[in-house]
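Spelled out, the chains give:
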Amino acid sequence: MRTKFFTLAPVAVISAVLGLGLLAAQSPAIADDVTTTKQSDPMQFVNGSKTWANTCARCHNMRDPKSLRDDQWRAAIAHMRVRAHLTAKEARDVLVFLQQSN
Amino acid sequence: MNTTTRRGMIAWWLPGLAFLASPSLAQMHPERIAELEEQVSALTEQLGELSVELDEAKEAEGLGGLRKDVEANKVAIQATQSATTFTDATSVTHLSGYASADYVSVENGPSAFVANFNPMFHFLYENKILWEAELEVVVEENGETEIGLEYTTVDWFLNDNLTLIAGKFLSPIGNFRQNLHPSWINKLPSAPPGFGHDGAAPISEVGVQLRGVAPMGNSRLNYAFFLGNGPKIEGEDGEIHAIEAEGFASDPDDEKVFGGRVAFLPIPSLELAVSGATGDAAVVEDDGIDVEGDPKRGYQVLGFDASYQWNNLDLRGEYVKQEVDPNPLSIAPEGGVWETWYAQAAYKFADGKWEGVARYTDFQSPHADDTQEQLALGINYLITPSAFLKFGYESNKGEPGEITDADRWILQIAYGY
Numbered sequence: 013m014r015t016k017f018f019t020l021a022p023v024a025v026i027s028a029v030l031g032l033g034l035l036a037a038q039s040p041a042i043a044d045d046v047t048t049t050k051q052s053d054p055m056q057f058v059n060g061s062k063t064w065a066n067t068c069a070r071c072h073n074m075r076d077p078k079s080l081r082d083d084q085w086r087a088a089i090a091h092m093r094v095r096a097h098l099t100a101k102e103a104r105d106v107l108v109f110l111q112q113s114n
Numbered sequence: 002m003n004t005t006t007r008r009g010m011i012a013w014w015l016p017g018l019a020f021l022a023s024p025s026l027a028q029m030h031p032e033r034i035a036e037l038e039e040q041v042s043a044l045t046e047q048l049g050e051l052s053v054e055l056d057e058a059k060e061a062e063g064l065g066g067l068r069k070d071v072e073a074n075k076v077a078i079q080a081t082q083s084a085t086t087f088t089d090a091t092s093v094t095h096l097s098g099y100a101s102a103d104y105v106s107v108e109n110g111p112s113a114f115v116a117n118f119n120p121m122f123h124f125l126y127e128n129k130i131l132w133e134a135e136l137e138v139v140v141e142e143n144g145e146t147e148i149g150l151e152y153t154t155v156d157w158f159l160n161d162n163l164t165l166i167a168g169k170f171l172s173p174i175g176n177f178r179q180n181l182h183p184s185w186i187n188k189l190p191s192a193p194p195g196f197g198h199d200g201a202a203p204i205s206e207v208g209v210q211l212r213g214v215a216p217m218g219n220s221r222l223n224y225a226f227f228l229g230n231g232p233k234i235e236g237e238d239g240e241i242h243a244i245e246a247e248g249f250a251s252d253p254d255d256e257k258v259f260g261g262r263v264a265f266l267p268i269p270s271l272e273l274a275v276s277g278a279t280g281d282a283a284v285v286e287d288d289g290i291d292v293e294g295d296p297k298r299g300y301q302v303l304g305f306d307a308s309y310q311w312n313n314l315d316l317r318g319e320y321v322k323q324e325v326d327p328n329p330l331s332i333a334p335e336g337g338v339w340e341t342w343y344a345q346a347a348y349k350f351a352d353g354k355w356e357g358v359a360r361y362t363d364f365q366s367p368h369a370d371d372t373q374e375q376l377a378l379g380i381n382y383l384i385t386p387s388a389f390l391k392f393g394y395e396s397n398k399g400e401p402g403e404i405t406d407a408d409r410w411i412l413q414i415a416y417g418y
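Sequences listed follow chains U and E, in order.
Counting in our numbering, the final residue of the first sequence is number 114, and the numbers go up one at a time with none missing.
Counting in our numbering, the final residue of the second sequence is number 418, and the numbers go up one at a time with none missing.
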């Protein structure tokens with residue numbers, strides 16, 4: 013009985029969270045407009061700089077925006093979105109900030 | 002003879018012919034005059050043709066300029082397209098990682114240089130799917146090179162706040178293993194005792210993970226839940242020697258481990274987290290010999306971690322306890338508890354180019370020769386924001402005569418790329 017509980021309970025929890033997540037997926041993740049950020053809402057730049065300062069420094073030194081190309085920042089920010097629990101909007105704002113600062 | 006020259010000659014000829022065609026001459030040589038009139042008529046016609054040719058030539062030159070402009074525009078457009086291809090492509094790749102080289106001097110023991118590097122790969126498709134992986138490449142004491150797979154995951158961004166991760170991933174238990182262990186991030190040249198291999202903190206897991214965030218105004222709740230194969234138990238002399246929690250692609254006890262971490266951030270600079278996992282594990286190796294069919298036993302992990310940043314000050318601490326239950330039917334019937342915690346303070350000075358670090362760790366193991374109490378002090382020079390020259394001194398207290406009791410100092414250069 014205990015065995016079945018330990019097998020089924022985690023599956024049920026993950027399925028529930030996954031289901032809720034899919035139901036909440038009103039729009040694609042991080043939207044599809046993230047690739048070109050050179051002409052974006054100026055507030056994205058401001059918000060991105062704040063998120064960058066608040067989040068990145070929590071674990072490591074902040075890297076120079078010029079250290080990567082625009083396309084490289086896309087992949088790097090996607091990685092950090094997962095690692096640092098960023099929302100899609102936060103990730104997009106940080107990307108705008110970095111791409112416009114490099 | 003070009004058009005302009007010919008036109009000039011005609012211009013000189015015409016007045017001459019006109020003179021010759023004057024009335025006095027006409028009276029003297031009527032035949033000659035008729036001849037000249039014919040020539041004038043022919044030349045006038047020729048002049049008209051040349052004028053047309055000249056206008057066409059000018060127009061042609063103008064078209065040539067336009068053609069050049071068009072070609073230049075094409076080149077510019079191609080260059081622009083090449084540049085935007087990097088940002089507009091549906092998939093992008095990125096190679097990153099970190100590397101370090103150390104000089105380690107142990108009290109009453111040999112000193113040595115060591116080196117390793119960890120390449121990381123990121124492949125992103127349309128901001129929907131990310132594959133990421135990290136290798137660990139280490140030069141062993143015998144000179145051989147050991148390559149390990151730190152993690153490899155496919156990350157599916159389900160929505161703006163939730164990601165599904167599948168594969169081998171760094172354990173979400175605590176914070177050090179999943180976020181702080183890379184040499185260019187860790188502020189000291191070594192990991193706190195108990196947070197390395199065969200310690201108290203799980204290293205990695207193979208399974209699935211849901212990772213997300215719940216924003217709450219200025220606060221936020223970060224969470225990660227996972228289901229994986231769980232650890233294996235290594236026996237020695239009828240006892241449990243260690244819990245191997247490094248992510249395996251098999252599950253001898255056939256019971257999955259479920260766990261997670263929930264972190265609350267009331268303000269961006271303060272993070273308070275609790276983590277844990279539960280499941281079953283079994284002895285799979287005893288005295289270096291593979292064991293099959295050993296009965297499973299309960300396995301639990303509990304962790305707390307916190308961090309706070311204020312100006313140039315960085316404070317953090319972490320506690321992890323990992324335990325397995327006893328099972329009288331096993332070849333290693335007793336259970337065991339591995340427990341560790343550390344507290345660390347770091348402060349940047351001299352415009353952030355230098356950093357001082359102090360860390361205290363207490364690692365408790367069922368085996369006295371593994372138990373270790375450590376005070377580590379370090380001074381770092383930041384060559385760049387992601388490259389450090391680190392000097393660390395460790396005052397260690399363990400079982401007398403064991404390596405865990407030997408003090409040591411480490412000089413390390415680390416670079417995150």
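Hints in this document: simulated from the structure, not taken from any laboratory.
For glycine and all other residues, C-beta sits at the position ideal for the given N, C-alpha and C.
Check each hint, because a few of them may be wrong.
[To be verified] Chain E regions said to be covered by chain U (calculated; three or more residues, Cβ under 8 Å):
{"hint": "1", "region": "92 to 103"}
{"hint": "2", "region": "157 to 169"}
{"hint": "3", "region": "234 to 240"}
For this session: Quick one: which hint numbers does this structure break? Sort them smallest to largest.
Result: When the structure is compared with the hints, only number 3 turns out to be violated.
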